[in-house]
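All the letters of the sequence shown, read from the start, carry residue numbers 1 to 398 under the working numbering.
Hint data in this document are derived by calculation from the structure and do not stem from the laboratory. Careful: at least some of the hints might be erroneous.
As the list claims (entries may be wrong) - Derived lysine-lysine pairs resembling DSSO-like cross-links, with alpha carbons at most 30 Å apart:
id	residue 1	residue 2
1	Lys153	Lys339
2	Lys360	Lys248
3	Lys270	Lys329
4	Lys153	Lys270
5	Lys292	Lys249
6	Lys267	Lys153
7	Lys248	Lys329
8	Lys292	Lys339
9	Lys292	Lys329
10	Lys360	Lys307
11	Lys339	Lys329
12	Lys307	Lys153
13	Lys270	Lys292
14	Lys360	Lys267
15	Lys292	Lys360
Claimed, not checked - Listed next, with one range per pair, are the computed distances between beta-carbon atoms:
id	residue 1	residue 2	range
16	Thr268	Gly247	22 to 32 Å
17	Thr312	Lys339	36 to 46 Å
18	Ala263	Thr312	27 to 37 Å
19	Glu209	Gly323	47 to 57 Å
20	Asp344	Ala308	44 to 54 Å
21	Arg259	Pro205	30 to 40 Å
22	Ser305	Gly123	23 to 33 Å
23	Gly326	Thr174	19 to 29 Å
24	Arg259	Arg295	49 to 59 Å
25	Glu347	Val151	46 to 56 Å
26	Arg259	Ala349	34 to 44 Å
27	Glu209	Ala142	47 to 57 Å
C-beta atoms are modelled at their ideal positions from N, C-alpha and C, and glycine is treated no differently.
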Amino acid sequence: PPPPPPSPPAKAPNPPPPSPPPSPPPPPSPPTPPPFAPPPSPPPFSPPPSASPFPPPPPPSPPAPPSPPVPPPEPPHPPSPPAPPPFSPAPPSPPPLKPGGLTGDPHLHFAHGGEADFRGEDGYLYAMLHHSGLAVNVLFEACAFFLSDLVLKVRGTFVTDVFIKAVTEATGRTVRIEFTPNMPPTPIVHGLEGGTRRVLPGRPPLVVEDLSIAVTQNDNTEVLHVRTGGWAIDATARLIQRSATSGKKQVDLSFAPLRDPLAPNPKTGKVVAPHGLVGQSFDGDDIAVDGKKDRYRELWWRQSSFKANEITTEAQAEGAIEGSGGDYKVGDFFGTDFKYRRFDALEAAPRSIAALSGTKRVVSNAGANAGAASWKRSKAGTSGDDAHAFEAERKQHP
């Protein structure tokens, strides 16, 4: 018989349902913070990685406009000229003279206190003081000198010789005196009985009627003293300090009236007023007149803008004298003929200062001579600046 058919496979039993996932454990309890715990510090600041530690550079500035050209300085009067090199102090000044007169690279000192500089011309004679029976002439010579340790050379002029012609009042004798310190022996007196005579230092005065002549001397100076009936005249010879010509001497002058120079002549009853470069200032008006002066710093700037090492003086007393410098030239040592001749004039009025362009100042009558007559306060003459004028100018205008 055939085999019985196979029995169908037994049906697998259904699997049990999956168990549910276990419940998560409860979260742990947070720790209890300590009482009053400080809050956590914030993290330190740090710049983002892309930030640069330096600020960005500023944008470039626009180009500045070009400066306008600087105008050149005006030579005559620069606003602020550069200062010259420093100078050392000047040597001691020579012994002082009587007030007023003429000194050195010639400064004119007028009767009432006015001043001016006068260069003159090399080798010419000029009338300095002329009055009735009196003529004082001087010779001008060019001579360079140095200022302050040989830094600046000044080409100036000096009075080097003096020639005096005087007429005595009693008998009218004419006496001539020549004072030439650079050509001794000197002084020499002409017109005396017995001929020419030299006056020696330290000896008694040589007296001729109302005229006396004497000489005094010390280590540095030699002074000729001349006294007439109406005038006291001193001529002081001394070495030119820092002269470019070794041993060269110059003469300073001092004039003082011994009586009123504007009084009428007792014989004629007429007035002859004195004249000459300095003599004209004895005009009796108590008004000082200042004329042109050589300002060395100004000359140095104007002539070379402080570049050269020398200057040349220029002033001719413009504004303080009548006419011009050439009007006072005389033709010989004892000459009396010039534009304002007075030696033998019969009458001549004082000058008029209205025609002068210089600076005018009224002179005070205060002081020791207060109340004295005008002529007693009037002294004049000449002086020089070869030793100390530039230093004085630097102190006034540093």
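Exercise. Identify every previously stated hint that the structure contradicts and give their numbers, smallest first.
Key: 1, 2, 4, 6, 10, 13, 14, 16, 17, 18, 19, 21, 24, 26 and 27
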